[in-house]
Amino acid sequence: MCKLTRLAEAIAGIPIGATLMIGGFMGVGTPERMIDEIVRQGTGELIVIANDTARPGVGIGKLIDARLVKRVVASHIGTNAETQRQMIAGDIEVELIPQGTLAERIRSGGHGLGGVLTATGVGTVAAAGKPTLEIDGRIFLVERPLRADFALVAARQADHLGNLGYALTARNFNPLMAMAADRVLAEARSIVPTGVLPPDAVGTPCVVVDMLIAVEARRG
Amino acid sequence: MCKLTRLAEAIAGIPIGATLMIGGFMGVGTPERMIDEIVRQGTGELIVIANDTARPGVGIGKLIDARLVKRVVASHIGTNAETQRQMIAGDIEVELIPQGTLAERIRSGGHGLGGVLTATGVGTVAAAGKPTLEIDGRIFLVERPLRADFALVAARQADHLGNLGYALTARNFNPLMAMAADRVLAEARSIVPTGVLPPDAVGTPCVVVDMLIAVEARRG
Amino acid sequence: MDDKNLIAKRVACELSDGMLVNLGIGLPTLVARHVPADIRVHFQSENGIVGMDSLNEHGLAEDDLSDAGGNPISAVPGAAAFDSAFSFGLIRGGHLDVTVLGGLEVDEAGLLANWMVPGKMVPGMGGAMDLVTGAKKVIVAMMHTAKGAAKIVPACTLPLTSARRVDLIVTELAVIEPTDAGLVLREVAPGVTPADVVAATTARLIVPDNIATMAV
Amino acid sequence: MDDKNLIAKRVACELSDGMLVNLGIGLPTLVARHVPADIRVHFQSENGIVGMDSLNEHGLAEDDLSDAGGNPISAVPGAAAFDSAFSFGLIRGGHLDVTVLGGLEVDEAGLLANWMVPGKMVPGMGGAMDLVTGAKKVIVAMMHTAKGAAKIVPACTLPLTSARRVDLIVTELAVIEPTDAGLVLREVAPGVTPADVVAATTARLIVPDNIATMAV
Numbered sequence: 001m002c003k004l005t006r007l008a009e010a011i012a013g014i015p016i017g018a019t020l021m022i023g024g025f026m027g028v029g030t031p032e033r034m035i036d037e038i039v040r041q042g043t044g045e046l047i048v049i050a051n052d053t054a055r056p057g058v059g060i061g062k063l064i065d066a067r068l069v070k071r072v073v074a075s076h077i078g079t080n081a082e083t084q085r086q087m088i089a090g091d092i093e094v095e096l097i098p099q100g101t102l103a104e105r106i107r108s109g110g111h112g113l114g115g116v117l118t119a120t121g122v123g124t125v126a127a128a129g130k131p132t133l134e135i136d137g138r139i140f141l142v143e144r145p146l147r148a149d150f151a152l153v154a155a156r157q158a159d160h161l162g163n164l165g166y167a168l169t170a171r172n173f174n175p176l177m178a179m180a181a182d183r184v185l186a187e188a189r190s191i192v193p194t195g196v197l198p199p200d201a202v203g204t205p206c207v208v209v210d211m212l213i214a215v216e217a218r219r220g
Numbered sequence: 001m002c003k004l005t006r007l008a009e010a011i012a013g014i015p016i017g018a019t020l021m022i023g024g025f026m027g028v029g030t031p032e033r034m035i036d037e038i039v040r041q042g043t044g045e046l047i048v049i050a051n052d053t054a055r056p057g058v059g060i061g062k063l064i065d066a067r068l069v070k071r072v073v074a075s076h077i078g079t080n081a082e083t084q085r086q087m088i089a090g091d092i093e094v095e096l097i098p099q100g101t102l103a104e105r106i107r108s109g110g111h112g113l114g115g116v117l118t119a120t121g122v123g124t125v126a127a128a129g130k131p132t133l134e135i136d137g138r139i140f141l142v143e144r145p146l147r148a149d150f151a152l153v154a155a156r157q158a159d160h161l162g163n164l165g166y167a168l169t170a171r172n173f174n175p176l177m178a179m180a181a182d183r184v185l186a187e188a189r190s191i192v193p194t195g196v197l198p199p200d201a202v203g204t205p206c207v208v209v210d211m212l213i214a215v216e217a218r219r220g
Numbered sequence: 001m002d003d004k005n006l007i008a009k010r011v012a013c014e015l016s017d018g019m020l021v022n023l024g025i026g027l028p029t030l031v032a033r034h035v036p037a038d039i040r041v042h043f044q045s046e047n048g049i050v051g052m053d054s055l056n057e058h059g060l061a062e063d064d065l066s067d068a069g070g071n072p073i074s075a076v077p078g079a080a081a082f083d084s085a086f087s088f089g090l091i092r093g094g095h096l097d098v099t100v101l102g103g104l105e106v107d108e109a110g111l112l113a114n115w116m117v118p119g120k121m122v123p124g125m126g127g128a129m130d131l132v133t134g135a136k137k138v139i140v141a142m143m144h145t146a147k148g149a150a151k152i153v154p155a156c157t158l159p160l161t162s163a164r165r166v167d168l169i170v171t172e173l174a175v176i177e178p179t180d181a182g183l184v185l186r187e188v189a190p191g192v193t194p195a196d197v198v199a200a201t202t203a204r205l206i207v208p209d210n211i212a213t214m215a216v
Numbered sequence: 001m002d003d004k005n006l007i008a009k010r011v012a013c014e015l016s017d018g019m020l021v022n023l024g025i026g027l028p029t030l031v032a033r034h035v036p037a038d039i040r041v042h043f044q045s046e047n048g049i050v051g052m053d054s055l056n057e058h059g060l061a062e063d064d065l066s067d068a069g070g071n072p073i074s075a076v077p078g079a080a081a082f083d084s085a086f087s088f089g090l091i092r093g094g095h096l097d098v099t100v101l102g103g104l105e106v107d108e109a110g111l112l113a114n115w116m117v118p119g120k121m122v123p124g125m126g127g128a129m130d131l132v133t134g135a136k137k138v139i140v141a142m143m144h145t146a147k148g149a150a151k152i153v154p155a156c157t158l159p160l161t162s163a164r165r166v167d168l169i170v171t172e173l174a175v176i177e178p179t180d181a182g183l184v185l186r187e188v189a190p191g192v193t194p195a196d197v198v199a200a201t202t203a204r205l206i207v208p209d210n211i212a213t214m215a216v
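Residue numbers (UniProt numbering), protein chains in the order written: chain U, 1 to 220; chain D, 1 to 220; chain L, 1 to 216; chain R, 1 to 216.
Since the hints were made in silico from the structure, they are not lab data.
Ideal placement from N, C-alpha and C gives every residue a C-beta, glycine not left out.
Among the clues, some could well be false.
Computed list of chain D residues with no C-beta within reach of chain U, every gap over 10 Å [unchecked claim]:
| no. | residue |
| --- | --- |
| 1 | Pro15 |
| 2 | Gly17 |
| 3 | Glu32 |
| 4 | Pro56 |
| 5 | Arg183 |
| 6 | Val196 |
Listed below are the simulated DSSO-like cross-link pairs for lysine-lysine, each with C-alpha atoms no more than 30 Å apart in a straight line [claimed, not checked]:
| no. | chain 1 | residue 1 | chain 2 | residue 2 |
| --- | --- | --- | --- | --- |
| 7 | L | Lys147 | L | Lys4 |
| 8 | U | Lys3 | L | Lys137 |
| 9 | D | Lys3 | R | Lys136 |
| 10 | D | Lys130 | L | Lys137 |
| 11 | R | Lys120 | R | Lys4 |
| 12 | R | Lys120 | R | Lys147 |
| 13 | D | Lys130 | L | Lys120 |
| 14 | L | Lys136 | L | Lys9 |
| 15 | D | Lys130 | D | Lys70 |
| 16 | R | Lys4 | R | Lys137 |
| 17 | L | Lys137 | L | Lys9 |
| 18 | D | Lys70 | L | Lys120 |
| 19 | U | Lys130 | R | Lys136 |
| 20 | L | Lys120 | L | Lys147 |
| 21 | D | Lys130 | L | Lys136 |
| 22 | L | Lys147 | L | Lys137 |
| 23 | R | Lys4 | R | Lys136 |
| 24 | R | Lys137 | R | Lys9 |
| 25 | U | Lys70 | R | Lys120 |
| 26 | D | Lys3 | R | Lys9 |
| 27 | U | Lys130 | R | Lys137 |
| 28 | L | Lys9 | U | Lys3 |
| 29 | R | Lys136 | R | Lys9 |
| 30 | R | Lys4 | U | Lys130 |
| 31 | U | Lys130 | D | Lys130 |
| 32 | D | Lys3 | R | Lys137 |
Construct the complete structure from the given sequences, taking the supplied hints into account.
Quick look at the structure:
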């Protein structure tokens with residue numbers, strides 16, 4: 001089963017209005033090629049679940065610049081004045097979630113758990129409308145699992161089967177999101193033959209990856 | 001802060017009746033040197049949280065053989081007839097937990113979550129006495145976090161700071177347990193200078209490891 | 001072909017290219033031998049690997065690589081290793097296409113009991129409860145009877161593994177599909193009649209007019 | 001020494017050998033410069049690393065290694081990288097010894113507001129809510145006032161970061177400890193009197209007889 005897909009074809013499969021999880025943290029570990037192609041194809045009204053919207057012109061910021069996003073679910077948008085501008089203008093809806101809760105809600109969606117019990121946010125506006133549970137005398141919020149139609153993830157290396165290996169802080173939300181979407185699209189800086197990536201270096205096993213974006217030839 | 005500790009001294013710090021999480025799966029990835037030393041010191045009435053009790057003479061089975069365990073919390077004991085014998089004789093108490101729930105309860109204890117919401121066990125004897133929560137029309141058990149006084153973990157490699165790197169299926173419960181105990185004792189097949197283990201190969205960061213068992217000299 | 005390999009071969013027909021599959025210990029492990037050569041199936045061992053393979057050469061056993069029974073295994077190129085929480089995330093999160101497990105009893109509601117016999121055998125559920133609750137497709141692969149006693153029964157007398165109905169039961173006599181209406185006899189083994197299957201089964205079986213012969 | 005480095009140097013006195021420490025962006029990052037040479041502190045960046053270091057040489061920036069602000073960093077030998085769920089497991093699970101954060105307001109109950117100004121600035125809480133709720137010790141490092149207005153106030157007017165009381169407030173004027181009884185003035189900066197601190201604070205301050213001078 002070959003998962004290798006041309007960039008344009010992979011992105012063409014994303015409908016207008018789709019919910020996307022996009023890996024990366026301030027543009028580090030973000031699937032830039034897929035984002036550029038979404039901008040090129042102009043797929044709009046997207047719901048984006050991501051840690052942040054980076055900065056204008058960087059990573060997810062490019063989707064914001066192109067006005068392709070109608071709703072953002074993130075832990076912060078403070079580094080992107082354009083996101084804030086569109087939010088204040090009422091053009092984009094923003095839901096803010098504490099970063100650890102966001103990570104755990106995505107993990108929960110990908111791991112088949114009913115949600116997350118966290119003390120983070122108790123007694124703050126982040127608790128508004130959320131059920132709580134008392135366990136051993138301590139109050140926890142019941143935070144729901146998050147899933148998406150598509151996860152767009154970036155890896156340092158992939159192998160021909162679609163196993164993904166991450167590097168340093170470019171890992172961040174990528175392996176969590178790769179578990180939590182109906183379709184998982186991965187791009188990697190390099191694609192190596194199967195067997196080159198040792199089993200302990202695989203951060204996302206190939207079985208959850210649906211499409212691996214083909215590398216453009218540089219030679220010849 | 002040097003964490004290197006002689007085996008006998010590290011184990012001498014475990015009091016009678018302590019609750020221990022012990023890594024490994026059927027003896028694979030189990031800290032054998034620490035187990036042998038507990039047997040030598042005869043530290044008894046232990047509560048052991050582990051996936052299984054392996055087989056007589058193997059891994060955690062050695063603690064069972066030596067009658068040092070009063071209570072086992074595990075996902076199965078079917079491979080160890082001695083555990084079953086002691087259980088039937090009323091000498092050892094056994095609590096059985098579905099393997100995925102056990103893993104997640106330990107993770108929850110180590111990650112500061114209030115517990116786990118899982119559908120596993122609903123409608124079975126594993127649900128007895130446990131609260132449930134309905135989320136989106138589906139019933140989940142509320143499973144409590146697990147923690148221990150000590151975690152005894154085994155790694156393939158450690159570095160001088162106490163960072164741990166695991167290999168293949170010897171990983172199993174080790175990195176989860178290393179987060180979920182008041183004191184974490186680690187043994188490794190080899191201890192390498194700091195910097196030899198690359199950041200992406202560290203499964204447990206040194207900051208959660210309290211003691212690293214010294215390697216016995218083989219030369220000289 | 002012996003009974004157990006017949007069962008395994010029939011189960012293998014349910015697998016297709018790219019699937020993630022978990023085989024329980026005992027009979028289900030035989031399924032790996034019967035996977036058609038033209039498809040690639042990824043076998044998970046719940047102790048922490050996708051891409052497990054059997055170890056056929058002596059002298060290559062590695063202390064840190066084993067199956068869920070603790071026995072040495074090999075790994076295919078492209079295997080991936082991970083901890084127990086992630087392993088059950090694959091199982092619970094809907095990423096596991098097929099789990100094949102043994103059974104002590106399956107009942108008319110399609111419910112499985114396979115982890116304990118009160119007062120006799122209390123091995124523990126291991127990963128079975130997560131596997132049956134979480135896998136996309138649950139196949140029970142077992143001998144049709146145990147010492148002459150039916151294992152496909154009106155209602156399980158043993159503690160259940162899950163409240164989730166299994167998807168297929170494959171025995172040396174038949175292929176049976178649990179449905180909303182009850183247990184439907186889909187196929188019989190070569191040389192076996194529907195009446196033979198009904199006679200070896202205490203559960204009510206729905207016997208359609210057209211019953212195929214197992215393609216094994 | 002400028003005000004901000006004075007604050008950072010005083011905060012650094014709270015650190016000891018082997019601690020895991022998370023520094024918020026802005027002023028708190030200065031703390032790393034003032035760690036005594038004879039101790040080793042492990043700095044976490046919540047985007048996924050323990051063992052972060054500042055990158056002081058041009059030409060060594062690596063695309064896949066950054067701090068929580070997205071800026072290139074370096075890593076010390078013995079650093080460890082991990083995903084965001086694990087990173088917040090360290091924070092939420094009680095493994096983080098100290099978090100140092102900036103503040104917009106701290107009140108008499110020791111509660112912190114530092115993530116939004118309704119109608120004006122809605123950057124999002126990022127990791128702040130997890131950090132304040134989960135860290136063993138929470139230190140607020142901030143200028144005592146903002147454009148002349150007190151930041152240590154009777155009750156926060158801005159949305160809270162957590163219901164958990166912070167452990168220490170360090171400003172360019174004073175070190176203040178929130179306690180059950182209220183905010184206690186522990187130290188004043190060199191050349192600053194308790195009366196100066198009280199004058200710059202709208203919260204009620206408990207002023208003991210013996211107040212030390214910051215050892216900076």
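Against the structure, the hints come out as follows:
1. Pro15: holds, 24 Å
2. Gly17: holds, 21 Å
3. Glu32: holds, 21 Å
4. Pro56: holds, 31 Å
5. Arg183: holds, 21 Å
6. Val196: holds, 15 Å
7. L:Lys147 <-> L:Lys4: holds, 15 Å
8. U:Lys3 <-> L:Lys137: holds, 23 Å
9. D:Lys3 <-> R:Lys136: Distance of about 21 Å is within 30 Å: holds.
10. D:Lys130 <-> L:Lys137: holds, 27 Å
11. R:Lys120 <-> R:Lys4: holds, 25 Å
12. R:Lys120 <-> R:Lys147: holds, 16 Å
13. D:Lys130 <-> L:Lys120: holds, 25 Å
14. L:Lys136 <-> L:Lys9: Between L:Lys136 and L:Lys9 the Cα gap is close to 20 Å, so the pair holds against 30 Å.
15. D:Lys130 <-> D:Lys70: holds, 24 Å
16. R:Lys4 <-> R:Lys137: holds, 21 Å
17. L:Lys137 <-> L:Lys9: holds, 17 Å
18. D:Lys70 <-> L:Lys120: holds, 21 Å
19. U:Lys130 <-> R:Lys136: holds, 26 Å
20. L:Lys120 <-> L:Lys147: Satisfied, since the Cα-Cα distance of roughly 16 Å is no more than 30 Å.
21. D:Lys130 <-> L:Lys136: holds, 26 Å
22. L:Lys147 <-> L:Lys137: Satisfied, since the Cα-Cα distance of roughly 28 Å is no more than 30 Å.
23. R:Lys4 <-> R:Lys136: holds, 24 Å
24. R:Lys137 <-> R:Lys9: Distance ~17 Å between R:Lys137 and R:Lys9 Cα, so the pair holds.
25. U:Lys70 <-> R:Lys120: This hinted pair holds, its Cα atoms lying about 21 Å apart.
26. D:Lys3 <-> R:Lys9: holds, 28 Å
27. U:Lys130 <-> R:Lys137: Status holds; Cα separation ~27 Å.
28. L:Lys9 <-> U:Lys3: holds, 28 Å
29. R:Lys136 <-> R:Lys9: holds, 20 Å
30. R:Lys4 <-> U:Lys130: Violated, at roughly 39 Å.
31. U:Lys130 <-> D:Lys130: holds, 22 Å
32. D:Lys3 <-> R:Lys137: Judged against 30 Å, a Cα distance of about 23 Å means the pair holds.
Violation of the numbered hints given earlier is confined to hint 30; every other hint is satisfied by the structure.
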